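S.K.: As a plain string of letters, each chain reads:
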Amino acid sequence: GAVVSQHPSRVICKSGTSVKIECRSLDFQATTMFWYRQFPKQSLMLMATSNEGSKATYEQGVEKDKFLINHASLTLSTLTVTSAHPEDSSFYICSANIQGDGELFFGEGSRLTVL
Amino acid sequence: GQQLNQNPQSMFIQEGEDVSMNCTSSSIFNTWLWYKQDPGEGPVLLIALYKAGELTSNGRLTAQFGITRKDSFLNISASIPSDVGIYFCAGQSQVGAQKLVFGQGTRLTINP
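Protein chains in written order, with my numbering: chain A, 1 to 115; chain B, 1 to 112.
Calculated directly from the structure, the hints in this document are not laboratory data.
Please note: incorrect hints may appear among the correct ones.
To be verified - Sample of chain A residues with no beta-carbon within 12 Å of chain B, all distances over it, derived: (1) V4; (2) S18; (3) Q42; (4) E59; (5) D65.
Unchecked claim - Keeping only pairs whose Cα atoms sit at most 25 Å apart, straight-line, the calculated DMTMM-like set for lysine to aspartate or glutamate is: (6) A:K41 - B:E54; (7) A:K20 - B:D18; (8) B:K70 - A:E59; (9) A:K41 - B:D18; (10) A:K64 - A:E52; (11) A:K41 - B:E15; (12) A:K14 - A:D27; (13) B:K99 - A:D27; (14) B:K51 - A:E52; (15) A:K66 - A:E103; (16) B:K51 - B:D71; (17) B:K70 - A:E103; (18) B:K99 - A:E103; (19) A:K20 - B:D71; (20) B:K70 - A:E108; (21) B:K51 - A:E22; (22) A:K14 - A:E103; (23) A:K41 - A:E63; (24) A:K14 - A:E52; (25) B:K99 - A:E63; (26) A:K14 - A:D88; (27) A:K41 - B:E41; (28) B:K99 - A:E22; (29) B:K70 - A:E52; (30) B:K70 - B:D18; (31) A:K41 - B:D71; (32) B:K51 - A:E103; (33) B:K51 - A:E87; (34) A:K66 - A:D27; (35) A:K41 - A:D27; (36) A:K41 - B:D38; (37) A:K14 - B:D83.
Source: prediction; values computed, not measured.
No residue lacks a Cβ here, since even glycine has one placed at the ideal position from N, Cα and C.
Okay, chain A solo, but in the shape it has when bound (with noise of 0.2 Å):
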């Protein structure tokens, strides 16, 4: 079936560094890929949608700034975030379909902790 895989897994940094964190599609063709954050305990909140080839949609309150987001291919975007703060330390997940597909598959998260 459909794969989606995150890179890192878990990442650790130190306050004012920035941090990329990978999402691929393995197996099928992604023109759109979404973010989410998830506090712990609570749901996931979508952050921004990301258009392959085009700049990415952020939901009300997300900095764009802040979380920059890249789609190059049509298997890969990336979650970029900048001058990263112990606030910022959440589990962040993405999300893809196979195109004209309703269903969404997860990536298996990426957890950063900001210290």
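Starting from the structure of chain A, add chain B where the hints point.
M.R.: Positioned in the frame of chain A, the structure of chain B alone reads:
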């Protein structure tokens, strides 16, 4: 914005018992999806529902798309230890639209 109300928020049951959880919405959805999330992992799709009234099974799991299109139910029969986890409902308001709205999740704990 759209919100999904998922109940119950947590369940503590004995192994072998059946489980029921539901999601309700104030607005209509055209697709309902049920996911399970294990600790430290991404959600895994369990069942997808595309038609009002649809009843779909996946092993011991059964989910239904409510007739009003404002609710959905997930049942797990004869629970086993590996059913432990957090279950999320998610809805899409437009056919073919990919943006999902998630419920708050139901945390299932099973006592052996």
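S.K.: Next step is simple, just say for each hint if it's right about the structure.
M.R.: Do the hints match the structure? See the list:
1. Not every CB of chain B lies more than 12 Å from the CB of V4 of chain A, the least distance being 8 Å, so the non-interface label is violated.
2. Annotated as non-interface, S18 of chain A keeps its C-beta farther than 12 Å from every C-beta of chain B; the closest such distance is 23 Å.
3. The non-interface label for Q42 of chain A is inconsistent with chain B: the shortest C-beta to C-beta separation is roughly 8 Å, within 12 Å.
4. Residue placement check: E59 of chain A does not keep its beta carbon more than 12 Å from all beta carbons of chain B (closest about 9 Å).
5. The Cβ of D65 of chain A lies farther than 12 Å from every Cβ of chain B, with a closest approach of about 22 Å, so its non-interface assignment holds.
6. With a C-alpha separation of about 30 Å, the suggested pairing of K41 of chain A with E54 of chain B is violated against the 25 Å cut-off.
7. Between the alpha carbons of K20 of chain A and D18 of chain B the distance comes to roughly 42 Å, so the proposed pair goes past 25 Å and is violated.
8. For the suggested pair K70 of chain B and E59 of chain A, the alpha carbons sit about 23 Å apart, so the restraint of at most 25 Å is met.
9. With a CA separation close to 24 Å, the supplied pair K41 of chain A and D18 of chain B stays within the 25 Å bound.
10. Taking the CA atoms of K64 of chain A and E52 of chain A, the gap is near 16 Å; set against the 25 Å cutoff, the hint holds.
11. For a cut-off of 25 Å, the pair hint linking K41 of chain A to E15 of chain B stands: about 23 Å separates their Cα positions.
12. Between the alpha carbons of K14 of chain A and D27 of chain A the distance comes to roughly 34 Å, so the proposed pair goes past 25 Å and is violated.
13. Between K99 of chain B and D27 of chain A the alpha-carbon distance is near 21 Å, which keeps this suggested pair within the 25 Å criterion.
14. Restraint check: the Cα-Cα separation between K51 of chain B and E52 of chain A comes to about 30 Å, which exceeds 25 Å; the hinted pair is violated.
15. Among the hinted pairs, K66 of chain A with E103 of chain A is inconsistent with the structure: their alpha-carbon atoms are about 29 Å apart, more than 25 Å.
16. The hinted pair formed by K51 of chain B and D71 of chain B meets the criterion: a straight-line CA distance of about 12 Å does not exceed 25 Å.
17. Of the supplied pair hints, the one linking K70 of chain B and E103 of chain A holds, its CA atoms being roughly 19 Å apart against a limit of 25 Å.
18. Annotation: proposed proximity of K99 of chain B to E103 of chain A holds, straight-line Cα distance about 10 Å (limit 25 Å).
19. Restraint check for K20 of chain A and D71 of chain B: the C-alpha separation of about 38 Å exceeds 25 Å, so the hint is violated.
20. Only pairs whose Cα atoms come within 25 Å are accepted, and K70 of chain B paired with E108 of chain A is rejected, the gap being roughly 29 Å.
21. Only pairs whose Cα atoms come within 25 Å are accepted, and K51 of chain B paired with E22 of chain A is rejected, the gap being roughly 34 Å.
22. For the proposed pair K14 of chain A and E103 of chain A, the alpha carbon gap of about 36 Å is over 25 Å, so the pair is violated.
23. Between K41 of chain A and E63 of chain A the CA atoms are separated by roughly 23 Å; this keeps the pair inside 25 Å, and the hint holds.
24. A C-alpha spacing of about 30 Å is found between K14 of chain A and E52 of chain A, which places the hinted pair above 25 Å, so the restraint is violated.
25. Distance check on the hinted pair: K99 of chain B and E63 of chain A sit about 19 Å apart at the alpha-carbon level, within 25 Å; holds.
26. Taking the CA atoms of K14 of chain A and D88 of chain A, the gap is about 11 Å. The hint holds against a cut of 25 Å.
27. Using a Cα cut-off of 25 Å, the hinted pair K41 of chain A and E41 of chain B holds, with the two alpha carbons roughly 13 Å apart.
28. Straight-line distance between C-alpha atoms of K99 of chain B and E22 of chain A comes to about 20 Å, which keeps the hinted pair within the 25 Å bound.
29. At most 25 Å may separate the alpha-carbon atoms for a hinted pair to count; K70 of chain B and E52 of chain A exceed this at roughly 32 Å.
30. Of the supplied pair hints, the one linking K70 of chain B and D18 of chain B holds, its CA atoms being roughly 24 Å apart against a limit of 25 Å.
31. Only pairs whose Cα atoms come within 25 Å are accepted, and K41 of chain A paired with D71 of chain B is accepted, the gap being roughly 23 Å.
32. For the proposed pair K51 of chain B and E103 of chain A, the alpha carbon gap of about 14 Å is at most 25 Å, so the pair holds.
33. Distance check on the hinted pair: K51 of chain B and E87 of chain A sit about 40 Å apart at the alpha-carbon level, beyond 25 Å; violated.
34. With a CA separation close to 30 Å, the supplied pair K66 of chain A and D27 of chain A exceeds the 25 Å bound.
35. For the proposed pair K41 of chain A and D27 of chain A, the alpha carbon gap of about 31 Å is over 25 Å, so the pair is violated.
36. At most 25 Å may separate the alpha-carbon atoms for a hinted pair to count; K41 of chain A and D38 of chain B meet this at roughly 12 Å.
37. Proximity of K14 of chain A to D83 of chain B is assessed by CA-CA distance (about 37 Å); at most 25 Å being required, the pair is judged violated.
Consistency note: the structure conflicts with the earlier hints numbered 1, 3, 4, 6, 7, 12, 14, 15, 19, 20, 21, 22, 24, 29, 33, 34, 35, 37.
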